[in-house]
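Colleague: Listed here are the chains, written in short residue letters.
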Amino acid sequence: MPGRQQTYDVLVAGGGNAALCAAITARQAGASVLLVESAPKAFRGGNSRHTRNLRAMHAQPNAVLTDAYTEDEYWDDLLRVTGGNTDEALARMTIRASSGVFGWMQQAGVRFQPSLTGTLNLGRTNAFFLGGGKALVNAYYLTAERLGVEILYDSEVISLNLDDGTVRSIDITYRGFPETIYARCVVASSGGFQANLDWMREYWGDAVDNFVIRGTPYNRGRVLKNLLDQGVAAIGDPTQCHAVALDARAPKFDGGITTRLDSVPYSVVVNRNGDRFYDEGEDVWPKRYAIWGRLIAQQPGQIAYSICDAKAFPLFMPSVFPAIKADTLEELAAKLKLDPAKIRATIDSFNNAVKPGQSFDNLKLDGNRTQGLTPDKTNWARAVDKPPFYGYPLRPGITFTYLGVRVNDKAQVLMENGQAAGNLFASGEIMAGNILGKGYLAGFGMTIGTVFGRIAGQEAARRAGN
Amino acid sequence: MQETEAVARARRDIEICNACRYCEGFCAVFPAVELRREFAAGDISYLANLCHNCRGCYYACQYAPPHEWGVNVPAALAEVRAESYAAYAWPRPLAKAFARNGTLLSLAAALGIALVLALSILTNRSASFSTAQASFYDIIPLWAMQVTGTATFGFSLLAMAMGVRNFWRDAGPKHGRIGPSAVAIALWDVLSLKNLGGGGNGCNDNSEAFSMRRRWLHHAMFYGFLLCFAATATGFVYHAFLDWPAPYPLLSAPVLLGTVGGILMIAGTIGLLAMKFTDDPVPNVRRLLGGDVALLMLLALIAVSGLVLLAVRATGAMGLAMAVHLGCILAFFLVLPYSKMVHATYRSAALLRRAMERNIKPLGGD
Ligand SMILES: Cc1cc2nc3c(=O)[nH]c(=O)nc-3n(C[C@H](O)[C@H](O)[C@H](O)COP(=O)(O)OP(=O)(O)OC[C@H]3O[C@@H](n4cnc5c(N)ncnc54)[C@H](O)[C@@H]3O)c2cc1C
Ligand code: SF4
Ligand code: SF4
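First to last, the sequence lines map onto chains B and L.
Going by the working numbering, the first sequence opens with residue 125, and the numbers climb by one from there.
Going by the working numbering, the second sequence opens with residue 137, and the numbers climb by one from there.
Calculated directly from the structure, the hints in this document are not laboratory data.
These numbers were taken from a predicted model, which means no experiment stands behind them.
Warning: the hint list may mix true and false statements.
[Stated by the list, open to error] Below, simulated DSS-like cross-link-like pairs (lysine-lysine); rule was C-alpha separation at most 25 angstroms, straight line:
{"no.": "1", "chain 1": "B", "residue 1": "435", "chain 2": "L", "residue 2": "330"}
{"no.": "2", "chain 1": "L", "residue 1": "310", "chain 2": "B", "residue 2": "488"}
{"no.": "3", "chain 1": "B", "residue 1": "459", "chain 2": "B", "residue 2": "488"}
{"no.": "4", "chain 1": "L", "residue 1": "310", "chain 2": "B", "residue 2": "435"}
{"no.": "5", "chain 1": "B", "residue 1": "459", "chain 2": "B", "residue 2": "376"}
{"no.": "6", "chain 1": "L", "residue 1": "497", "chain 2": "L", "residue 2": "330"}
{"no.": "7", "chain 1": "L", "residue 1": "497", "chain 2": "B", "residue 2": "411"}
{"no.": "8", "chain 1": "B", "residue 1": "449", "chain 2": "B", "residue 2": "510"}
{"no.": "9", "chain 1": "B", "residue 1": "510", "chain 2": "B", "residue 2": "466"}
[Claimed, not checked] If the Cβ cut is set under 7 angstroms, some of the chain B residues that face chain L in the computed set are:
{"no.": "10", "residue": "166"}
{"no.": "11", "residue": "205"}
{"no.": "12", "residue": "208"}
{"no.": "13", "residue": "237"}
{"no.": "14", "residue": "382"}
Idealized CB from N, CA, C, for every residue including glycine.
One chain only, chain B, in its complex shape (with noise of 0.2 angstroms):
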């Protein structure tokens, strides 16, 4: 094979946000550097491409940012999400590093929308990237190809060669076909390992079957796991990811960001068997929406149905497949498949339990609960009468794995007897598990990606270069 002769300072295993603000950041201080991207051109980006924002600290408003948000803020949401299952040195240095990121973004091409434009109230914590996350892929791409990094897609690693903690080479695919590249130092950006279907097969069993994966397919843990077998120290319980309720009629993989539902706090929501299972109004979608991924995860079939009727209908985003309409309850049942006599019991009952003459507000936790049933429905709970009825049908959807290695301040990878490796580094959804080991902060993902990815860059160039 022509051209790969070299030894390049710096190897980077990935192609999404991590990946690439790694490799330009090595490649603007000095290094040559080869990022090698197994997706192909076309589905390049992994996860990144599907995303929507970063979440940033920030002092005063700015041209992207609203009012203002602090380091301290910053971190009781964390503490909050994670319930403590993060280390506070990594993520309060992440956390003041959002703050500075802006400018260098910037520069690499990327965009933003003007504060205060958008559709969703995230203005204060959340920067958006004008266009998305594949948007802002394609600007560091082209500043990538400008400054001259080298890219291959449809590139797989497949193995990091250590030593004694030190990477001595790296075996990939291109292509297809084996070689083996040298590098002085390695970041590795490959993401978690949600699309390899058999790895969450150990844990989740045959339920895999079932779940949708939000993101891109070629995330699967190929380096994870190669790293994790040769002694690097692992991070975040390898069982547990990321769930939303999605439309069960999204893509395997790979459907995004469109194919999620905002009806349940509008809803009944029942399984296959037509009995409801939680508190669909427990809390405001946004921090609620995480939990239904799990919870529809445990039932029969993996499947559950959203149910509302004309009065529900208009307050939630539309959906990217069009509801599923009937002007009885039976006949929806049947459209869905349910036991319709089943569903006309499960809201009957409901609609029984609900206390006449609450007023509904849809802007806060109305406290318009059911008396008596299991469970209740603790806010938002009015009948559902008015026809025509809509119902989805919900499936879990996995957006990330929280597995990942464990890395240091200056994003080196950690080896299980605590010693740093020399020459590697990790940036992104592989390492995320270390500041993020539990829940999920809007934003956050691409957050890590950004700071860690700068710093692993740097410091490989700077290793690379001595």
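Given the coordinates of chain B, assemble chain L with the ligands onto it according to the supplied hints.
Modeller: Quick look at chain L with the ligands alone, frame taken from chain B:
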């Protein structure tokens, strides 16, 4: 607007966008989408005419081909746009003119030139057709120009006005009044081409890279055209009211305006033509290329023949140059309501509807 395959296809893409909304910062189309949940054929036509075809949303789309959903908003809307031109054409039977637009425009240009040539030879009193001293109006008498001009341009204006009326009935807002601020906003959008440039970064010509090329070229063509128009108008005023007949000296208003305008028009049209051949075919509609190219050529021809006319205005070649130039203009006036030129009126109307709806809150969101 009829319910057609193109409308259904565009609606499907637009519904995906409405659940996604990642592109809302690019242009006026997405904020307009976010106001509604259901899209009648007229609404799709409105969105199609609102789209400036900058392709930002194609390169940014995570569902673009080869993704199984194959979302391609610029191409889907271009198809509907093309159909809408035929749907709103007046009088109805002439809607067929959009079917083979490239051929039609070329024929019209040839016919226009031939007609003016014949006319000028027939009406010529002296043998002045090729004499150096002849003024424009010796070649073709003013009355002949006025009659032909008024008749063709007048008819075109009427046809375009009826077209906009059809558009507004079908794709206009369902309620609301046309207020002065909405008109001002729409006018600014039209004159600045604000939406041709992906939220201020430029178009995607044939790759993910942004560029302002298309916007500048369109500006050159459009404002060049206006300058040429101003040149002709001043010339007419000089001749008719100031009793100062052509040819005018180099530093006179008509010659200066015409020269600068002509050069701008040539730069714009040739530049846009060149871009047609390097465009990425995926976010485009192939079968529209013929009409687009023919129109750009006709505009380029008008500009070139105008400059030639200026250059040879005091020589024996003036008569011929004059006939070709007027022939092109005649053709342009004739085909105006049956060419891509109608995009100017429908897009302006669509921008007006958007400006009228600017304060309505988007649906959903979290
Ligand atoms: C639908 C959706 C929406 C999201 N929205 C947001 C959001 O708005 N904000 C936010 O912060 N986060 C969001 N996230 C989470 C976010 O996607 C991740 O946190 C982030 O993209 C991680 O970046 P990364 O570069 O580490 O991984 P990725 O972007 O997934 O990149 C991993 C890359 O590695 C490549 N790869 C994998 N294995 C190999 C191998 N063996 N060899 C070579 N290459 C390999 C893949 O092809 C891919 O290019 C979202 C996730 C999803 C699924
Ligand atoms: S074009 Fe694609 S990315 Fe843009 S809003 Fe539509 S679906 Fe979303
Ligand atoms: S104007 Fe550009 S961004 Fe807007 S819809 Fe058309 S092609 Fe897409």
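Colleague: With chain L as the partner, please determine if residue 208(B) meets the hint condition of a C-beta pair closer than 7 angstroms.
Modeller: violated, 27 angstroms
Colleague: Would you check the hint for residue 497(L) and residue 330(L), treating anything up to 25 angstroms between C-alpha atoms as holding?
Modeller: Holds: residue 497(L) and residue 330(L) sit about 22 angstroms apart, inside 25 angstroms.
Colleague: Check whether the Cα positions of residue 459(B) and residue 488(B) lie no farther apart than 25 angstroms.
Modeller: violated, 33 angstroms
Colleague: Has the given pair, residue 449(B) with residue 510(B), been kept, meaning a C-alpha gap of at most 25 angstroms?
Modeller: Between residue 449(B) and residue 510(B) the Cα gap is close to 12 angstroms, so the pair holds against 25 angstroms.
Colleague: Hint check: residue 510(B) vs residue 466(B), CA-CA at most 25 angstroms. Holds or violated?
Modeller: Holds, at about 19 angstroms.
Colleague: Taking the closest Cβ pair, is residue 382(B) under 7 angstroms from chain L?
Modeller: holds, 4 angstroms
Colleague: Hey, residue 310(L) versus residue 435(B), does the alpha-carbon distance stay inside 25 angstroms?
Modeller: Judged against 25 angstroms, a Cα distance of about 24 angstroms means the pair holds.
Colleague: Can the restraint linking residue 497(L) and residue 411(B) be considered satisfied, given a maximum Cα separation of 25 angstroms?
Modeller: holds, 24 angstroms
Colleague: Given residue 166(B) was flagged as interface, is its beta-carbon under 7 angstroms from a beta-carbon of chain L?
Modeller: holds, 5 angstroms
Colleague: Once the shortest beta carbon distance from residue 237(B) to chain L is found, is it less than 7 angstroms?
Modeller: holds, 4 angstroms
Colleague: With 7 angstroms as the cut and Cβ atoms as the points, is residue 205(B) at the interface with chain L?
Modeller: At 17 angstroms from the nearest chain L Cβ, residue 205(B) fails the 7 angstroms test, so the hint is violated.
Colleague: Given the hint that residue 459(B) pairs with residue 376(B), does the C-alpha gap stay at or below 25 angstroms?
Modeller: Given that 25 angstroms is the threshold and the Cα spacing comes to 22 angstroms, the pair holds.
In terms of the numbered hints stated before, the structure departs from hints 1, 2, 3, 11 and 12, listed from lowest to highest.
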